[in-house]
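For reference, the chains in residue letters:
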Amino acid sequence: MSLVDLFSVVAIGAGVFFFLAGTVGLLRFPDTLSRLHALTKADNLGLGLIALGLLPRAESTLGAFKLVAIWALVQLAGATTAQLVGRAVRRKGTAA
Amino acid sequence: MSVLQALDIGLGFLVFAVAAWTVFARGAFAATVGYVVYGLLLSLVWIRLFAVDVALTEAAIGSGVTGVLLIGAAARLRGSETAADEKSLSGLPRVFAAGLSLLVAMALAGVVLLFPDEGPSLAPQSMQHLPETGLGNPVTAVLIAYRAFDTMLEKVVLVLAVVGVWSLAADPHWGGAPGEARAERPEPTLAFLAQVLAPLGILVGIHIFWVGADEPGGAFQGGAILAAMWIIVMMARLTEAPSTSAFWLRLALIAGPLVFLIAGVGGAVFAGSFFAYPPGFAKPVILFIEAFMVLSIAVNLPMMVAGPPRREPKR
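So the protein sequences, as listed, match chains A and B.
If you read the first sequence in the numbering used here, its first letter stands for residue 1, the second for the next number, and so on.
If you read the second sequence in the numbering used here, its first letter stands for residue 1001, the second for the next number, and so on.
Worth flagging that the hints you see were computed from the coordinates, not collected in a lab.
Backbone N, C-alpha and C define an ideal beta-carbon position, used for all residues, glycine too.
Mixed in with the good hints, there may be bad ones.
[As the list claims (entries may be wrong)] Beyond 12 angstroms from chain B on every Cβ pair, some chain A residues (computed):
(1) 7
(2) 9
(3) 18
(4) 21
(5) 29
(6) 39
(7) 44
(8) 84
[To be verified] Example chain B residues on the side facing chain A (calculated, C-beta under 8 angstroms, incomplete):
(9) 1070
(10) 1108
(11) 1189
(12) 1196
(13) 1197
[To be verified] Computed spacing ranges between beta-carbons, pair by pair:
(14) B:1180 - A:74: 46 to 56 angstroms
(15) A:31 - B:1077: 20 to 30 angstroms
(16) B:1136 - A:40: 32 to 42 angstroms
All chains, full assembly: derive it from the sequences and hints.
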């Protein structure tokens, strides 16, 4: 196993760990805001680490750029949705 | 069993589980969320079947735009939903409905089991004639060349759907604008998303349309992405839907099928048969038609989501 492979395995493994932790948090945390907190960690760090692990395996510079772009777009969508859900919870007045 | 096979079987079970969850979900909103997740899982299934074109369409139309339409419908039905629940079937009709559903499911399962091992396929013929179209993506060739008439009619269906939505307008609102008016102070989070995402999305949409000639992508997927960008900008209330009596809007709605039909008739005159393309010029003609189809799709879908006119027309 080359050094690049090792890097990929470690980064993707760490990403999967964050996804797992985020999912456990989503299922186990008591209220909407803390569930959102768990979910955004999975999106940001989990996907970020997986994209990072896949970068050295991209076929071309354009492919690598697309990976980074996908991660950035998911960040944007995730952050916006989290804000909107959080705001809806606050407007309702209950954090259940 | 390899790891990939195990993942495929897991994916299959997940699709079934989410489908069942969607059917049994209480409340229209929960069912819609289930349906969107189901669509995304289904597009993963298509990717595993190496049908990237279908996967893109499923994600954009099946899950994305239909999801938005259903969420809008669920929001409108919110008040009346409990009343409808009480009137649900009981007793004998319920047993009858369940029996009928079971029968259909068993018939479908039976048909699938009776499939020949080597299914009938037109793939070799499709690949053989691909060079004549000048295209590199056989899916696009099927859609715009081999079965051009069907594709044209599909676009007509979109226009009919918009006509159907508009015809729900109250009399005084006929010809007015649908949806919400432009907000003085739009919700900042959504406005930010719309401002950042729309320029990128427009670029991606045009790219998907353009590469569709040779790679997975095409008019429908590209048009759906452009449509989504308009929907987001309208949702953020940065802009408002145009008046439904605007001539440019109506022209954009029908431009795709209209140009397609004209090209089809032109084929009868110049290339010998209805919807035939002149040899050597097939690709430019196809791309020309597709460009107008992208426009029509990008206008039809947001108009469907915007709903019937709700404001009085400006005189």
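Structure-based check of each hint:
No beta-carbon of chain B is positioned within 12 angstroms of the beta-carbon of residue 7 of chain A; the least distance is around 21 angstroms. With a closest Cβ-Cβ approach of about 14 angstroms to chain B, residue 9 of chain A is found to remain outside the 12 angstroms limit, as its non-interface label requires. Every C-beta of chain B lies more than 12 angstroms from that of residue 18 of chain A, the closest at about 20 angstroms, which supports listing it as non-interface. Every beta carbon of chain B lies more than 12 angstroms from that of residue 21 of chain A, the smallest distance being close to 20 angstroms; the non-interface claim holds.
Every CB of chain B is more than 12 angstroms from the CB of residue 29 of chain A (nearest about 19 angstroms), matching its label as outside the interface. With a least beta-carbon separation of about 14 angstroms from chain B, residue 39 of chain A lies farther than 12 angstroms from that chain, consistent with its non-interface assignment. In this structure residue 44 of chain A is separated from chain B by more than 12 angstroms, as the shortest Cβ-Cβ distance comes to about 16 angstroms. Non-interface status of residue 84 of chain A relative to chain B is broken: a Cβ of that chain comes within 12 angstroms, the nearest being about 6 angstroms off.
A distance limit of 8 angstroms between C-beta atoms decides the matter here; for residue 1070 of chain B the minimum to chain A is near 18 angstroms, and the interface restraint is violated. Taking 8 angstroms as the C-beta contact cut-off toward chain A, the hint placing residue 1108 of chain B at the interface is violated, the least distance being around 33 angstroms. At a threshold of 8 angstroms, the smallest CB-CB gap from residue 1189 of chain B to chain A is about 4 angstroms, leaving the interface hint in force. Nearest Cβ of chain A to the Cβ of residue 1196 of chain B: about 6 angstroms, under the 8 angstroms cut. The hint holds.
Interface hint at residue 1197 of chain B: satisfied, since its Cβ lies 7 angstroms from the closest Cβ of chain A, which is below the 8 angstroms cut-off. A C-beta distance of roughly 28 angstroms is found between residue 1180 of chain B and residue 74 of chain A, which places it outside the suggested range of 46 to 56 angstroms. Between residue 31 of chain A and residue 1077 of chain B the C-beta distance comes to about 27 angstroms, which sits within the given range of 20 to 30 angstroms. Between residue 1136 of chain B and residue 40 of chain A the C-beta distance comes to about 40 angstroms, which sits within the given range of 32 to 42 angstroms.
Hints 8, 9, 10, 14, counting from the list given before, are not met by this structure.
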